[in-house]
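Number of protein chains: 2
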Amino acid sequence: MMEIRNPITVEEAAKRVMACRKYGEVEYVDITAANGRVLAQDIIADHDVPSFDRSPYDGFAVRSIDTKTAAADNSILLNVVGHIGAGSVFKQELKEKDAVRIMTGAAIPRGADTVIMLEDTEQAGDNQIYIKREMKHHQNISFQGEDVEKGSVIVSKGKLINPGVVALLATFGYKQVPVSKKPVIGVIATGSELLEVDQALEEGKIRNSNAYMIMAQIERSGATAKYYGQFSDKLDICIQQMQVAMSEVDFLITTGGVSVGDFDLLPEIYDYFQAEVLFNKIKMRPGSVTTVAQLNNQLLYGLSGNPSACYVGFELYVKPIIDAFLDRDQIGLKTVKATLTEDFPKSNPFDRFIRGHYVIKNSQVTVAPSGKDKSNMVHSLAEANCFIRLRGGTAAYSKGEVVDIYLLENHS
Amino acid sequence: MMEIRNPITVEEAAKRVMACRKYGEVEYVDITAANGRVLAQDIIADHDVPSFDRSPYDGFAVRSIDTKTAAADNSILLNVVGHIGAGSVFKQELKEKDAVRIMTGAAIPRGADTVIMLEDTEQAGDNQIYIKREMKHHQNISFQGEDVEKGSVIVSKGKLINPGVVALLATFGYKQVPVSKKPVIGVIATGSELLEVDQALEEGKIRNSNAYMIMAQIERSGATAKYYGQFSDKLDICIQQMQVAMSEVDFLITTGGVSVGDFDLLPEIYDYFQAEVLFNKIKMRPGSVTTVAQLNNQLLYGLSGNPSACYVGFELYVKPIIDAFLDRDQIGLKTVKATLTEDFPKSNPFDRFIRGHYVIKNSQVTVAPSGKDKSNMVHSLAEANCFIRLRGGTAAYSKGEVVDIYLLENHS
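Here the protein sequences line up with chains A and B, keeping their order.
Be aware that the first sequence starts at 1, since it is given in the UniProt record's numbering, and climbs by one per residue.
Be aware that the second sequence starts at 1, since it is given in the UniProt record's numbering, and climbs by one per residue.
Misleading hints may appear alongside valid ones.
Identical copies carry no separate label here, and so any pair may be met within one copy or between two of them.
In the SDA-like style, the derived pairs of lysine to any residue whose C-alpha atoms are separated by at most 20 Å in a straight line are [what the hints assert, rightly or not]:
(1) Lys95 <-> Ile84
(2) Lys68 <-> Arg391
(3) Lys136 <-> Met117
(4) Lys361 <-> Tyr406
(5) Lys399 <-> Asn362
(6) Lys175 <-> Asp198
(7) Lys157 <-> Gly332
(8) Lys68 <-> Val10
(9) Lys361 <-> Glu409
(10) Lys159 <-> Asn362
(11) Lys68 <-> Glu12
(12) Lys175 <-> Glu202
(13) Lys361 <-> Ile331
(14) Lys361 <-> Gln330
(15) Lys159 <-> Ala396
(16) Lys159 <-> Glu409
(17) Lys22 <-> Phe143
(18) Lys95 <-> Glu146
(19) Lys136 <-> Val359
(20) Lys337 <-> Asn410
(21) Lys337 <-> Thr366
(22) Lys91 <-> Asp351
(23) Lys91 <-> Asp30
(24) Lys346 <-> Pro369
Treat the hints as calculated values from the structure; they're not laboratory data.
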């Protein structure tokens, strides 16, 4: 039966999917495993930074009042009464004409109100120095709390943890880090033309590449992939396989089987489960047959069997749902503008998402399709770092026009 | 003893480090674990793509000669003699006025030389169709080998594997993927002021954040970190600890202990081992005391204890050595130009590397320091996605000037 499908816009499709968003749970991981995860709670400063008044330089802690008349032609002699390594504390209070040798980061001793840098002093014997420069009250002191005040929010939840965030987590004592649990996403391949990756080729068949590609996309998005292999082409077995998969994962993706072709089982399976089909036709190329259904609040994705369509379908409709599950501060791919460096002669009845490669040259972002012609499938797959979006209802695009691009590999 | 150090340029320092480059080995991982690894061998097509002449559309395989006079006002009747699903093969040869129903991706049957799209036909009974359009010889056929020829190099070694590359690996039967073995990098923290991340604060002390930050940087760079904890401040124990570490890792990083301060042990340790110090002073800020030595062809990094300097030292001198070990096609951080959106009023006696945040707006890359003033340590750590390089020997930089930036998080 040839079904009539009602195409919706890319934005409407995204909206319908996002209406089914689910949030994940919080789990704790060791700080050494936190990089690349999503912070699940605000990080609060458990102390001031610095947590004491400290020296920003290697030098001598002194009393500014003792340096009043010091100048290049008027050395003043001070007595070195101690030595403070980083991490140790000098217990005495400085008296008149006292100086204490101090290392970068060490606590300012009582009585001292400034630090004179080592290069502004001169050794004058075993326990004496000359200083040749007047110091001001509170000069060269890093005051307690000047970087961060105790109790303030250091990093907000939703942030992707990078090495700089790890440094902050360590500084504030987060040995165990609250992160968002990764969603588990099931992957099922359909298509009687598919061989597994380790099978020898046969006429009429191709190796299953979509499932492996999708699993890599799942991982890149910060989720966990679970592969269920290839579907049977018998409806009853399919239904059983799908039931098992749905019970074990947060979201389920099938690749292939969503066209209006005679052999495509997915619509029948959705019918059987009485799943609500959110849409089965989008005004976009490739991937117009991308189908999403939901069953008991679980999203079931039917991505196209065509590799480009499958790739695009994932990034546009699965990635945002992963971001939402992780409660990230950035939902979906980052979008920026770029200048086309090549003509795109085809017209665009629907929105078109082409795999592209953007570069930055002289602080300008330019982009070109990464596989210009159909013989360039390999280059397009391996070299794409963005999608180029060409709006539906437009004629050809010319070199020099500014387009929207969606960044695939940019994590910051 | 106050040692005189001879500062060298950033480029000279990088050159001396790279002269000690080591290559890693090849290992095989399952295709599901290949994303994010570095390809260690060229990937060769084991078959043509397509591997047989196939249909790019859903429609009917026909003989163009039978369509010669077809037009909108002149329907031609063909006999549907078969049905080819994707993956199956039609064994008969087409005879005069024969048509075979064919699915996208299926093999073209013998005798047919074109595919007419489903929408250009009309059902004329159970086993007959009308066609209303003349088809040309070889129209709508994807020919064997037109995408990729058997034997050609699909992806070159050194490439970071992304989901597109995974799709190619699957297509060409790479169930096991040759990747570069990750180097193991040892991390040792030094500094008597350091507490571990789970210890309560004490006056004069700070928690060890550098080691955790560096471990995250190591991971981000595609290597494996091995943490040896904090060094003893007793020379003989240190030497023993270092000996163990060196025997277990490819490269060793210590943080702290490289200043000319009185408590810094590292120079003594290098002396003890008779390690060759490649440099211990670089014309850069921060990180001028970054020290690199080599012992029996093993690089020993002495990064500064200052967090910013430590971070910069890693990215400039350790990351390229990791890339080299992995035999990547991109060595070191990617560098592009960006326009400053803020004044930078300080002069730059040496090259200055500031943590920055770049954005793309209207296809222009702009950048600002991510921690403008010293109270902004947190923002600088968490939000940096690049370094801004300000050249030594320059006065202040102004808003609008174009500078070099080094991208920290861009993997493509």
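Verification of the hints:
no.: 1; hint: Lys95 <-> Ile84; in the structure: within (16 Å within a copy, 98 Å between copies)
no.: 2; hint: Lys68 <-> Arg391; in the structure: neither (72 Å within a copy, 37 Å between copies)
no.: 3; hint: Lys136 <-> Met117; in the structure: within (13 Å within a copy, 86 Å between copies)
no.: 4; hint: Lys361 <-> Tyr406; in the structure: both (18 Å within a copy, 13 Å between copies)
no.: 5; hint: Lys399 <-> Asn362; in the structure: both (18 Å within a copy, 16 Å between copies)
no.: 6; hint: Lys175 <-> Asp198; in the structure: between (43 Å within a copy, 6 Å between copies)
no.: 7; hint: Lys157 <-> Gly332; in the structure: within (17 Å within a copy, 31 Å between copies)
no.: 8; hint: Lys68 <-> Val10; in the structure: neither (72 Å within a copy, 41 Å between copies)
no.: 9; hint: Lys361 <-> Glu409; in the structure: both (18 Å within a copy, 18 Å between copies)
no.: 10; hint: Lys159 <-> Asn362; in the structure: neither (30 Å within a copy, 25 Å between copies)
no.: 11; hint: Lys68 <-> Glu12; in the structure: neither (73 Å within a copy, 44 Å between copies)
no.: 12; hint: Lys175 <-> Glu202; in the structure: between (54 Å within a copy, 17 Å between copies)
no.: 13; hint: Lys361 <-> Ile331; in the structure: between (28 Å within a copy, 18 Å between copies)
no.: 14; hint: Lys361 <-> Gln330; in the structure: between (26 Å within a copy, 17 Å between copies)
no.: 15; hint: Lys159 <-> Ala396; in the structure: neither (39 Å within a copy, 33 Å between copies)
no.: 16; hint: Lys159 <-> Glu409; in the structure: both (17 Å within a copy, 14 Å between copies)
no.: 17; hint: Lys22 <-> Phe143; in the structure: neither (45 Å within a copy, 45 Å between copies)
no.: 18; hint: Lys95 <-> Glu146; in the structure: neither (27 Å within a copy, 88 Å between copies)
no.: 19; hint: Lys136 <-> Val359; in the structure: neither (51 Å within a copy, 40 Å between copies)
no.: 20; hint: Lys337 <-> Asn410; in the structure: both (14 Å within a copy, 17 Å between copies)
no.: 21; hint: Lys337 <-> Thr366; in the structure: both (9 Å within a copy, 13 Å between copies)
no.: 22; hint: Lys91 <-> Asp351; in the structure: neither (72 Å within a copy, 40 Å between copies)
no.: 23; hint: Lys91 <-> Asp30; in the structure: neither (37 Å within a copy, 60 Å between copies)
no.: 24; hint: Lys346 <-> Pro369; in the structure: within (13 Å within a copy, 42 Å between copies)
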